[in-house]
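Visitor: Single-letter residue listing:
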Amino acid sequence: MHMSDALLSPAVGATFWAGSLAVIAFSAKKLKENLDEKMIPLMGVLGAFIFAAQMINFTIPGTGSSGHLGGGMILAVILGPHAGFIVISSVLTIQSLFFADGGILALGSNIWNLGIYPCYIAYPLIYRTIVKESSSSKRIVIASIASVVLGLQFGAISVVLQTLLSGKSELPFSTFAYMMLPIHLAIGLLEGFITAGVINYIRVAKPEILESVSSSKPFSPDISIKKIILFFLLIAVITGGLMSWFASTYPDGLEWSIEKISGSSALHEDDKGVAQSLKKLQEKTAILPDYNFKSDDHSSGPESPEQWPNVSPGTSVSGVLGAIMVICLIFVLGIGIKALRKKKN
Amino acid sequence: MSHHIVELKDVYFKYPDGTETLKGISFKITHGESVGVVGANGAGKSTLLLQINGYLMPSSGSVVIGDLKLDRRSRKEIRKKVGVVFQNPDDQLFMPTVFDDVAFGPLNLGLTCEKVRERVEEALKTVGCIELKDKPPHHLSSGQKSAVAIASIIAMQPDILVMDEPASSLDPKSRRYLINILKNFRHTKIIASHDLDLILDVCERCMVIREGTIAADGPADKILSDRDLLETNNLELPLSLQKIL
Amino acid sequence: MPTFDKEYFNLGYLDALSYKDTFVHRLDPGIKVIATFLFVLTVVSFPKYELSGLLPFFFFPVLFVSSGDIPAKFILKKILLVSPFALFVGIFNPFLDRDIMYSFYGINISAGWISFLSIFIKYVLTISAALLLIATTSFPGVCYGLQKLGLPEIFVSQLLFLYRYIFVLAEETMKIVRARDMRSFGRTGKGLKTFINLISVLFIRTVEKSERIYRAMLSRGFDGKIRSAKKYSISGVDIIFILTTLALLYLFRKYDIAWQLGNLAKKII
Chain Z
1 MHMSDALLSP AVGATFWAGS LAVIAFSAKK LKENLDEKMI PLMGVLGAFI
51 FAAQMINFTI PGTGSSGHLG GGMILAVILG PHAGFIVISS VLTIQSLFFA
101 DGGILALGSN IWNLGIYPCY IAYPLIYRTI VKESSSSKRI VIASIASVVL
151 GLQFGAISVV LQTLLSGKSE LPFSTFAYMM LPIHLAIGLL EGFITAGVIN
201 YIRVAKPEIL ESVSSSKPFS PDISIKKIIL FFLLIAVITG GLMSWFASTY
251 PDGLEWSIEK ISGSSALHED DKGVAQSLKK LQEKTAILPD YNFKSDDHSS
301 GPESPEQWPN VSPGTSVSGV LGAIMVICLI FVLGIGIKAL RKKKN
Chain B
1 MSHHIVELKD VYFKYPDGTE TLKGISFKIT HGESVGVVGA NGAGKSTLLL
51 QINGYLMPSS GSVVIGDLKL DRRSRKEIRK KVGVVFQNPD DQLFMPTVFD
101 DVAFGPLNLG LTCEKVRERV EEALKTVGCI ELKDKPPHHL SSGQKSAVAI
151 ASIIAMQPDI LVMDEPASSL DPKSRRYLIN ILKNFRHTKI IASHDLDLIL
201 DVCERCMVIR EGTIAADGPA DKILSDRDLL ETNNLELPLS LQKIL
Chain Y
1 MPTFDKEYFN LGYLDALSYK DTFVHRLDPG IKVIATFLFV LTVVSFPKYE
51 LSGLLPFFFF PVLFVSSGDI PAKFILKKIL LVSPFALFVG IFNPFLDRDI
101 MYSFYGINIS AGWISFLSIF IKYVLTISAA LLLIATTSFP GVCYGLQKLG
151 LPEIFVSQLL FLYRYIFVLA EETMKIVRAR DMRSFGRTGK GLKTFINLIS
201 VLFIRTVEKS ERIYRAMLSR GFDGKIRSAK KYSISGVDII FILTTLALLY
251 LFRKYDIAWQ LGNLAKKII
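Chains Z, B and Y, in that order, are what the protein sequence lines are. Each residue of the first sequence is one higher than the last, beginning at 1 in my numbering. Each residue of the second sequence is one higher than the last, beginning at 1 in my numbering. Each residue of the third sequence is one higher than the last, beginning at 1 in my numbering.
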């Protein structure tokens with residue numbers, strides 16, 4: 001579920017970094033306003049807990065294969081959305097640096113996908129709506145599963161969109177989505193169940209933990225709702241843009257997807273008007289004109305030193321020869337530096 | 001000089017869940033005394049220690065440290081005078097490096113960076129860990145961690161040193177090292193421990209806590225050789241005395 | 001899926017490497033963070049089918065590995081181990097993009113393979129950049145760098161706590177997991193319910209631990225603000241490093257060095 005640097009383009013990566021940084025600054029500010037000093041060690045240690053919990057695997061009932069916990073939702077429930085988001089971001093940061101999970105550029109996108117949706121969408125909209133002060137454990141199970149699943153589905157779609165907008169993969173939107181969504185639905189069900197299990201256990205075994213932590217939780221509903229509405233608008237715009245590209249460059253694909261989804265071809269004669277206006281929309285909003293996926297114009301970057309296609313054997317030989325030379329040079333350099341250091345010692 | 005006295009008068013303490021752990025504790029410790037606190041598990045030793053630095057506040061009765069009576073406002077000042085070393089060093093070394101941990105206290109006291117540096121180096125030298133200055137805590141052995149935890153407290157130069165089970169995770173060599181450090185610490189010492197030999201070695205006076213009250217209070221060598229008293233409190237004679245008595 | 005013990009020791013090993021004392025270790029952490037980020041950005045900015053232009057970028061990881069005294073085998077193993085997950089998406093390219101791109105003495109190579117290879121090279125470069133950053137800069141150093149670059153204080157403080165306590169918590173978790181495994185006699189014990197119980201217990205212990213830590217902090221005068229006595233300063237070496245890096249990144253990106261060299265060689269031969 002983690003995005004990887006190699007599949008991102010600088011524009012997409014940087015955009016989501018900017019978005020994530022903005023939210024980090026926002027959460028930090030919110031936390032500072034109401035900070036209970038106890039939170040700082042608690043947040044850090046719970047982050048370490050998520051790590052440790054992720055390292056324990058368990059056998060998934062029925063399949064025999066093993067799985068493990070994500071953690072975003074449980075942090076949001078226990079610490080509140082702001083602190084939960086900060087902790088998840090930290091966990092992801094360490095994962096990207098120490099475990100090669102995702103990358104430095106992708107970290108921005110991963111924080112967005114795995115942090116924003118559980119903490120700022122699923123938690124306030126779903127969990128808090130269903131669960132009140134004295135809810136039954138059954139309600140908690142339902143709420144947990146629903147919110148985790150929703151959070152993960154949003155995250156999965158995000159991954160697909162980010163990959164598509166980056167243009168490095170050949171996977172069409174529908175295929176990718178069809179792979180990602182069901183898998184994450186299954187993961188979500190499991191994780192939601194586990195989250196509920198832990199919360200219910202604590203409620204029984206040591207309820208004062210939930211009380212003491214929730215008393216230091218700042219959460220102001222008004223601002224969050226505005227933010228959520230804004231966010232949905234943003235999603236709508238992005239989706240609209242994407243759909244229009246899709247429509248104009250891959251009309252067959254869109255029809256195929258719609259056919260599959262709705263069981264009928266939606267783009268009939270009378271809908272030509274829709275396709276037309278979508279095309280117009282795309283032309284107007286073509287911010288990233290170079291990042292088509294699978295179009296006939298293959299200059300998919302702003303700066304290509306050579307023109308594609310390049311089937312003349314002459315230039316191919318230069319390329320290969322040069323590649324070999326560069327690799328050898330670098331290798332020699334590496335050995336040289338090592339030898340120099342050994343000499344120094 | 002009243003500013004190094006620790007005096008508890010009729011202190012009662014009840015935890016939020018209702019358990020009454022301290023039931024009328026009174027004693028007075030003067031400057032430079034070294035006092036051991038022993039008793040069965042659950043007798044109230046740790047709770048008592050936590051009253052002395054104000055982490056817990058008595059439900060009734062008074063705690064006076066030096067000139068200050070313990071209440072919400074004086075807590076901060078009191079913590080500058082009373083340094084507490086807890087049982088598990090991992091809970092006390094929470095900064096990225098040894099230097100940062102030992103500097104944490106002095107920095108909170110408001111000292112300048114230069115002064116802080118001095119204090120840190122002095123404290124680390126006292127416990128013999130100066131070469132560990134830039135290491136992260138998870139690279140240390142448990143003996144080293146204990147030593148650094150102590151350094152982090154003495155860097156604040158407290159008047160009164162309070163310790164809860166200081167030697168519980170130490171190997172014999174580290175334990176001996178700790179005992180030597182403690183013997184050289186001139187200020188008031190209050191040490192809670194099951195390690196009766198350590199108490200015998202380091203403390204002149206000893207208090208026995210039983211079910212929230214003081215069952216005995218006197219010279220350490222007298223208390224710790226009283227077999228009946230000890231056994232009533234789930235304790236035994238210190239190992240060093242067992243063959244002799 | 002690597003086992004718990006292996007992952008934990010990996011973490012410890014990488015962390016131990018970061019405390020060495022070499023030229024690259026001594027560079028200012030903030031500068032290194034910026035350099036790494038720019039490196040990744042540059043690599044990723046290459047178009048879909050680029051191959052030869054990427055190769056000179058290996059200069060950077062090789063530089064760090066050799067002057068930082070990092071075992072190359074360890075890094076390679078780590079990269080390759082995690083690659084299947086990362087490249088999962090890219091592997092579809094050869095199947096979906098069948099147009100012939102290069103024709104080489106009778107062998108036809110489809111564009112899909114080229115783009116996949118490009119993804120792979122980019123992956124190796126970017127992941128090694130992240131690993132080498134942490135291997136040559138202690139994690140507290142990276143945190144310091146991040147704070148200097150403007151990340152909020154509360155984020156950095158708890159990041160440091162997290163890092164500090166991963167090791168502690170991992171050990172506690174190992175004990176619990178071993179206890180579970182010893183009483184499991186095979187598959188039956190690893191069920192979901194046991195897992196939930198296990199992590200719930202771990203969770204409670206964690207919160208209790210944080211309370212003890214907070215108690216220790218208060219006892220040393222904690223008032224909400226975490227102060228630092230450290231002084232990192234940027235030296236001339238750091239400035240030279242970042243300028244050289246910027247220059248090289250620009251050069252490598254603008255000019256396909258490998259291709260130029262190859263052309264030169266062809267002319268000579």
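Just so you know, not all the hints are guaranteed correct.
[Claimed, not checked] Derived BS3-like pairs (lysine-lysine); straight-line CA-CA distance at most 30 Å:
hint : chain 1 : residue 1 : chain 2 : residue 2
1    : B       : Lys-14    : Z       : Lys-344
2    : B       : Lys-14    : Z       : Lys-38
3    : B       : Lys-133   : Y       : Lys-193
4    : Z       : Lys-32    : Y       : Lys-193
5    : B       : Lys-23    : Z       : Lys-206
6    : Z       : Lys-206   : Y       : Lys-78
7    : Z       : Lys-32    : B       : Lys-9
8    : Y       : Lys-193   : B       : Lys-115
9    : B       : Lys-173   : Z       : Lys-38
10   : B       : Lys-135   : Y       : Lys-254
11   : B       : Lys-133   : Y       : Lys-20
12   : B       : Lys-80    : B       : Lys-69
If you are wondering where the hints come from, they were derived from the structure by calculation, not from laboratory data.
Visitor: Next, verify each hint and record whether it holds.
Guide: Going through the hints against the structure:
1. Straight-line distance between C-alpha atoms of Lys-14(B) and Lys-344(Z) comes to about 65 Å, which puts the hinted pair past the 30 Å bound.
2. Distance check on the hinted pair: Lys-14(B) and Lys-38(Z) sit about 22 Å apart at the alpha-carbon level, within 30 Å; holds.
3. Only pairs whose Cα atoms come within 30 Å are accepted, and Lys-133(B) paired with Lys-193(Y) is rejected, the gap being roughly 44 Å.
4. With a C-alpha separation of about 38 Å, the suggested pair Lys-32(Z) and Lys-193(Y) falls outside the 30 Å cut-off, and the hint is violated.
5. As the CA atoms of Lys-23(B) and Lys-206(Z) are separated by approximately 26 Å, the hinted pair is consistent with the 30 Å bound.
6. For the hint linking Lys-206(Z) to Lys-78(Y), the alpha-carbon distance of about 40 Å lies beyond 30 Å, and the restraint is violated.
7. A C-alpha spacing of about 40 Å is found between Lys-32(Z) and Lys-9(B), which places the hinted pair above 30 Å, so the restraint is violated.
8. The hinted pair formed by Lys-193(Y) and Lys-115(B) fails the criterion: a straight-line CA distance of about 54 Å is larger than 30 Å.
9. With a C-alpha separation of about 36 Å, the suggested pairing of Lys-173(B) with Lys-38(Z) is violated against the 30 Å cut-off.
10. For a cut-off of 30 Å, the pair hint linking Lys-135(B) to Lys-254(Y) is broken: about 43 Å separates their Cα positions.
11. At roughly 15 Å between alpha-carbon atoms, Lys-133(B) and Lys-20(Y) fall within 30 Å of each other, so this suggested pair holds.
12. At roughly 14 Å between alpha-carbon atoms, Lys-80(B) and Lys-69(B) fall within 30 Å of each other, so this suggested pair holds.
When held up to the earlier numbered hints, the structure conflicts with 1, 3, 4, 6, 7, 8, 9 and 10 and fits the remainder.
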